[in-house]
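Novice: Taken in order, these protein sequences are the chains called A and B.
Residue numbering for the first sequence follows this note's numbering, beginning at 1 and increasing consecutively.
Residue numbering for the second sequence follows this note's numbering, beginning at 1 and increasing consecutively.
FYI, nobody ran anything at the bench for these hints, they're computed from the structure.
Every residue, glycine too, gets a C-beta built ideally from N, C-alpha and C.
Incorrect hints may have been included.
Restraint ranges, calculated between C-beta atoms of paired labels, are given here [unchecked claim]:
hint, chain 1, residue 1, chain 2, residue 2, range
1, A, L93, B, K46, 49 to 59 Å
2, B, A222, A, A227, 50 to 60 Å
3, A, G175, B, P75, 52 to 62 Å
4, A, G76, B, V74, 50 to 60 Å
5, B, L63, A, R68, 51 to 61 Å
6, A, L155, B, T228, 53 to 63 Å
7, A, L96, B, P269, 29 to 39 Å
8, B, P75, A, P243, 45 to 55 Å
9, A, D60, B, V178, 29 to 39 Å
10, A, P14, B, A206, 16 to 26 Å
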Amino acid sequence: MWRYFLRKLAIAVPSVIGISILLFTVLALAPGDPFEELAANPNVPPEIRANLRAQFGLDDPVVTRYLRWSGSMLRGDWGFSFSSRVDVDTLILQRLPVTLVVIGASQLLALLVALPVGVYAATRPYSIFDQIASTIAFAGYALPTFFTGLLLILLFSIHLDWLPFVYRADIPGSGWPWIWAHIKQSIMPVLVLGLFQGAAWTRYVRSSVLDVIRLDYVTTARSKGLAERVVVVKHVVRNALIPVVTLVALQMPAVFGGAIVTEQIFRVPGIGSLLISAILANDTPVIMAVTFVLSILVILCNLIADILYGWLDPRIAYH
Amino acid sequence: MAGSIPASLTTRNRGTQVPPSPPPGEAAAPLRAGLSPWAEAWRRFKRHRLALVGAALLAFMALAVLLGPWLWNVPINAIDFAAKLKGPSLAHPLGTDDLGQDLLARMLYGGRISLAVGVASMLIAILVGVVIGAVAGISRGWVDAALMWVTDLFLSLPQLPLLLLIIYLFRDSMKKLVGPELGIFLIIVAVIGAFRWMPAARLVRAQFLSLREKEFVEAARALGASPTRQVVRHILPNALGPVIVAATIDVAAAIIFESTLSFLGMGFPPDIPSWGRQLYDAKDYLDVAPHWALIPGGAIFLTVLSISYMGDGLRDALDPRRVI
Chain A
1 MWRYFLRKLA
11 IAVPSVIGIS
21 ILLFTVLALA
31 PGDPFEELAA
41 NPNVPPEIRA
51 NLRAQFGLDD
61 PVVTRYLRWS
71 GSMLRGDWGF
81 SFSSRVDVDT
91 LILQRLPVTL
101 VVIGASQLLA
111 LLVALPVGVY
121 AATRPYSIFD
131 QIASTIAFAG
141 YALPTFFTGL
151 LLILLFSIHL
161 DWLPFVYRAD
171 IPGSGWPWIW
181 AHIKQSIMPV
191 LVLGLFQGAA
201 WTRYVRSSVL
211 DVIRLDYVTT
221 ARSKGLAERV
231 VVVKHVVRNA
241 LIPVVTLVAL
251 QMPAVFGGAI
261 VTEQIFRVPG
271 IGSLLISAIL
281 ANDTPVIMAV
291 TFVLSILVIL
301 CNLIADILYG
311 WLDPRIAYH
Chain B
1 MAGSIPASLT
11 TRNRGTQVPP
21 SPPPGEAAAP
31 LRAGLSPWAE
41 AWRRFKRHRL
51 ALVGAALLAF
61 MALAVLLGPW
71 LWNVPINAID
81 FAAKLKGPSL
91 AHPLGTDDLG
101 QDLLARMLYG
111 GRISLAVGVA
121 SMLIAILVGV
131 VIGAVAGISR
141 GWVDAALMWV
151 TDLFLSLPQL
161 PLLLLIIYLF
171 RDSMKKLVGP
181 ELGIFLIIVA
191 VIGAFRWMPA
201 ARLVRAQFLS
211 LREKEFVEAA
221 RALGASPTRQ
231 VVRHILPNAL
241 GPVIVAATID
251 VAAAIIFEST
261 LSFLGMGFPP
271 DIPSWGRQLY
281 DAKDYLDVAP
291 HWALIPGGAI
301 FLTVLSISYM
311 GDGLRDALDP
321 RRVI
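Only chain A is shown next, with the shape it has when bound in the complex (with noise of 0.2 Å):
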């Protein structure tokens, strides 16, 4: 197990190293420079722009500002936000906790949603429950993230007048009805990306438990004598969840998108709209930045799909 793990490990690095490529790369073709600024300033001598440029080493070969760039990366000094006048890690390291809660909360919902449905659903195939399971997920899935934020603001904000629309992270107060509003405004975001996943994830576990049910060792189990339940649970849901691992880890992607829109929806502080704001504010650092982290969530989520993987279907490990 510990040499499968140190192997996907060895794996993901050239991923890291690969997408810093990528983003330098995007980010040196880009039009424009730093210093277009003081170059309309006619106060600033051309001189003193040379020697600015010479001591930030933007006349360099590609390659060494590259090795520069990700050296100081790595070293933790991620450069200074434009617009807010802190550093970039304080600023992330700020805002990651709160995506990072939304995000997985919401993850657990539609666990808790797909896992039962899914399985239910494809022990009764063509069912009245699995047809109408399958149309609400069907349609779950087309129903892009900020239309249905927008719906559920619609519904429960204004009409209902049960939940606030606006999340905020200074609310005052302590105890439980702090703990409560917290949760309250938590509710929307969460329910938001927890049922766009759900609705995928009932799909996946649907067909892939379709698949596995009808193997020859689901009804060896049973013509032992095992309790349906038993038979479901323990011998047909753990090989049914494989795939579904595999195509969950393929959606992270999707998912820190759809985390995105849902913070930008509701306000809340996270990366995601740290992201959209430091874009309008034009903000280089910031942006390339949360852009890194991003994808750095996105691969560590990978690497622990694999872990799943290995401990899902042992001979995956030993190969």
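Start from chain A and add chain B according to the hints.
Specialist: Just chain B, lined up with the frame of chain A:
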């Protein structure tokens, strides 16, 4: 009506669809007498009721956005503050926005943009995907390995942040180069296409890996067909089924991507009211004018749902091994 479209396709494709020896998959499920592969596919597609409904709805929407602006020739930017944020009425069948602009006209115009972005991005994604998948599938060794590594890398990229980054960096220079409307259209289409080719590449490669070992390809090879001819005449036509399904799904994904970008304020400018852009403008008036958000949102939802059902039907129809 039933046979009209497939019939025209069959005459064009007969040469490619019946290679020296018929593809083995189709031999397994025998064709009905006198039915060409495309007519057979249409027969199967018709049995998927929801797919048929989706296709009809999609055809209706395509016709509406193509012909609609001629029938309903209200300008999309006629400002009328007296009628702002009104619900549906006789003068404005879908109501008006915060400047009193007619929503029906804007929906029809925006639909053109959204559908055009969907189709154009799909074409780029499929073209890139087929080329990369075909090259990886036909060549062995390090070319295949390198191309698949790049594919996997692209699959693990966070697409939305990167789309935002690229649009942020290149938007202004593209606007200067080819004008604001075309510039933003080109960059959105290119970027969505560049991040959606991976599923098609994987599909095509998987198809190639199994098809290139089949007898009919071997026969072509024995007859002295060059690798290019083997690919273009024999392997590719037989790998097209899953690619068509993937292409359908790609149109839906591209429409969602474009709406997402516009919804985040990073897509089309306000004078080009794509459906996502209208949602972005409408979201601050949810309490007074919910219809303004519900109409474009509903249009995106219906389009994507129709395309998904159509893809589902095509999957059944184009897989000759599946018995339905």
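Novice: Now, for every hint given, state plainly whether the structure supports it.
Specialist: Do the hints match the structure? See the list:
1. Between L93 (chain A) and K46 (chain B) the Cβ separation comes to about 57 Å, which falls inside the hinted range of 49 to 59 Å.
2. Checked against the given bound of 50 to 60 Å, the beta carbons of A222 (chain B) and A227 (chain A), roughly 58 Å apart, stay inside it.
3. The given range of 52 to 62 Å is respected by G175 (chain A) and P75 (chain B), whose C-beta atoms sit roughly 58 Å from each other.
4. At roughly 57 Å, the beta carbons of G76 (chain A) and V74 (chain B) sit within the given window of 50 to 60 Å.
5. The hinted window of 51 to 61 Å between L63 (chain B) and R68 (chain A) holds, with their beta carbons roughly 56 Å apart.
6. Taken as a hint, the range 53 to 63 Å holds for the pair L155 (chain A) and T228 (chain B), whose Cβ atoms sit roughly 57 Å apart.
7. L96 (chain A) and P269 (chain B) have their C-beta atoms about 32 Å apart, which keeps the hinted 29 to 39 Å range intact.
8. The hinted window of 45 to 55 Å between P75 (chain B) and P243 (chain A) holds, with their beta carbons roughly 52 Å apart.
9. Taken as a hint, the range 29 to 39 Å holds for the pair D60 (chain A) and V178 (chain B), whose Cβ atoms sit roughly 32 Å apart.
10. P14 (chain A) and A206 (chain B) have their C-beta atoms about 23 Å apart, which keeps the hinted 16 to 26 Å range intact.
Checked against the numbered hints above, the structure violates none of them.
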